[in-house]
Amino acid sequence: MRNLRIAGLGLTAAAALTLTACGSNDTASSGSSGAPAPTPSMAAPSPSMAAANGVTTNADVFGPACSQLPQGSAPGSLDSMGPQPVASAASTNPLLTKLVAAVKATNLVDTLNSQQAITVFAPADPAFAALGDAKFTELAGKPAELSPILQYHVVGQRYDAKGLESAGTLESLDTAGGALKIEGSGDTMTVNGAKVLCGNIPTKNATVFVIDKVLTPGTNK
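Just so we're aligned, residue 188 is where the sequence shown starts under my numbering, counting upward by one.
Incorrect hints may appear among the rest.
Distance windows between CB atoms, simulated [to be verified]: (1) S260 x T356: 23 to 29 Å; (2) Q255 x A331: 20 to 26 Å; (3) A316 x A261: 22 to 28 Å; (4) K322 x P262: 25 to 31 Å; (5) T244 x S353: 18 to 24 Å; (6) K322 x D266: 34 to 40 Å.
Treat the hints as calculated values from the structure; they're not laboratory data.
We put the CB at the ideal spot given by N, CA and C, even for glycine.
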């Protein structure tokens, strides 16, 4: 099985959504890396520090599918997911059950949860449905084929929406898959043509953007 590359030493939600070890330093949403990474011993980051690290809050979340998330402190809600590492948070998100199954099939849960600062483009369940149950089952049974697809949905730096818009193009953990192209902003933002359904979702170690398609490596070279 193909191991995920460690970005920043040298996630991504597709038929499985995407990932591996990433950079050990939080990187500015604008691409700079001057601000220190938040640690449990530090106070909550100020708005300027949060922005510098691509870290978001519940108030920053946007998109038409955000209203489908559970409310309050229920599992899968913003309040519930925020303190959890990304794979654990995704496992409670009702929009991402297929993605979670794909991550588990490739044994990437611990890998994703252990990263410090990543961006994950997470295909919503209907995106996987477009592949068909047979294709999804086939990929889930072939981790070596599924892993690169998942890696392509993860960036080894943490970005908020403004950081993505500023960057324009990004390199995923599957560097052979080609660049990820960001277009538009806010509710019109797309990633390789996939619409952002709910963006700026905060988790402990990642900022998540739920998208409406599974990204295919090699299609944007």
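Holds or violated: the 20 to 26 Å window for the beta-carbon distance between Q255 and A331?
33 Å, violated
So does A316 sit 22 to 28 Å from A261, Cβ to Cβ?
24 Å, holds
Using the C-beta atoms of S260 and T356, is the stated range 23 to 29 Å upheld?
For S260 and T356 the Cβ distance comes to about 37 Å; the hint is violated.
Are T244 and S353 spaced within 18 to 24 Å by their CB atoms?
19 Å, holds
Assuming the hint says 34 to 40 Å, is it satisfied by the Cβ distance from K322 to D266 or not?
For D266 against K322, whose Cβ atoms are near 35 Å apart, the range 34 to 40 Å holds.
Range hint 25 to 31 Å: satisfied by the CB atoms of K322 and P262?
Given about 29 Å between the Cβ atoms, the range holds.
Comparing the model with each earlier hint shows violations of hints 1 and 2; every other hint is respected.
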